[in-house]
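With these hints in hand, go ahead and build the complete structure from the sequences.
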Amino acid sequence: MKVLDLQCPHGHRFEGWFASADDFESQAKRQLVECPICGAKEVSRLPSAPRLNLSGVSDAPSSSGASASQAREWQARAMQALREVLEKTENVGDRFAEEARRIHYNEAPARNIRGVTTPEDAKALVEEGIDVMPLPIPAALKEPLQ
Numbered sequence: 001m002k003v004l005d006l007q008c009p010h011g012h013r014f015e016g017w018f019a020s021a022d023d024f025e026s027q028a029k030r031q032l033v034e035c036p037i038c039g040a041k042e043v044s045r046l047p048s049a050p051r052l053n054l055s056g057v058s059d060a061p062s063s064s065g066a067s068a069s070q071a072r073e074w075q076a077r078a079m080q081a082l083r084e085v086l087e088k089t090e091n092v093g094d095r096f097a098e099e100a101r102r103i104h105y106n107e108a109p110a111r112n113i114r115g116v117t118t119p120e121d122a123k124a125l126v127e128e129g130i131d132v133m134p135l136p137i138p139a140a141l142k143e144p145l146q
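For the sequence shown, full-length UniProt numbering gives the first residue as 1, with consecutive numbering after it.
Hints in this document: simulated from the structure, not taken from any laboratory.
Treat the hints loosely; a few may be bogus.
Unchecked claim - Label pairs and their computed distance ranges (CB to CB):
1. Ser26 / Ile137: 38 to 48 Å
2. Gly129 / Ala21: 49 to 59 Å
3. Arg30 / Tyr105: 44 to 54 Å
4. Val116 / Ala71: 26 to 36 Å
5. Ala19 / Gly129: 14 to 24 Å
6. Val126 / Ser67: 29 to 39 Å
7. Glu87 / Pro109: 39 to 49 Å
8. Glu90 / Ala19: 36 to 46 Å
9. Glu120 / Ala76: 28 to 38 Å
Note that the Cβ used here is the ideal one computed from N, Cα and C, for glycine as well.
Structure below.
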């Protein structure tokens, strides 16, 4: 198995395990590889240096190990925050813009909602004074765990 360092267009870095580099290329072409954070299917391979241990003497740990650990910790916190958002909001799907307006103008009960809208509708909501925030939700969090 080869462990490859990967990155999506949004800058999320993660590892992928493949039988070979060719296996990664094949899967990426067929859009079978996706970012675990945002679900983007445009994934690229990052340059990485193999670690060779020829003498049996281990090298001092590099500072990149700490930053990789910090990145994993940040990703775990971000995923937990997304889970909380999903638990504490109502999914109104593609009726998001309509429902946000109804809530804003007191035509529907006030509550936290999430859904899908076009960039144009999101801009119109902001211009009307309705706070919205784009939030990419990874596919892994959209499906129930069991």
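Hint-by-hint comparison with the structure:
| no. | hint | result |
| --- | --- | --- |
| 1 | Ser26 / Ile137: 38 to 48 Å | 27 Å, violated |
| 2 | Gly129 / Ala21: 49 to 59 Å | 51 Å, holds |
| 3 | Arg30 / Tyr105: 44 to 54 Å | 46 Å, holds |
| 4 | Val116 / Ala71: 26 to 36 Å | 29 Å, holds |
| 5 | Ala19 / Gly129: 14 to 24 Å | 54 Å, violated |
| 6 | Val126 / Ser67: 29 to 39 Å | 35 Å, holds |
| 7 | Glu87 / Pro109: 39 to 49 Å | 19 Å, violated |
| 8 | Glu90 / Ala19: 36 to 46 Å | 43 Å, holds |
| 9 | Glu120 / Ala76: 28 to 38 Å | 34 Å, holds |
Checked against the numbered hints above, the structure violates hints 1, 5 and 7; every other hint is satisfied.
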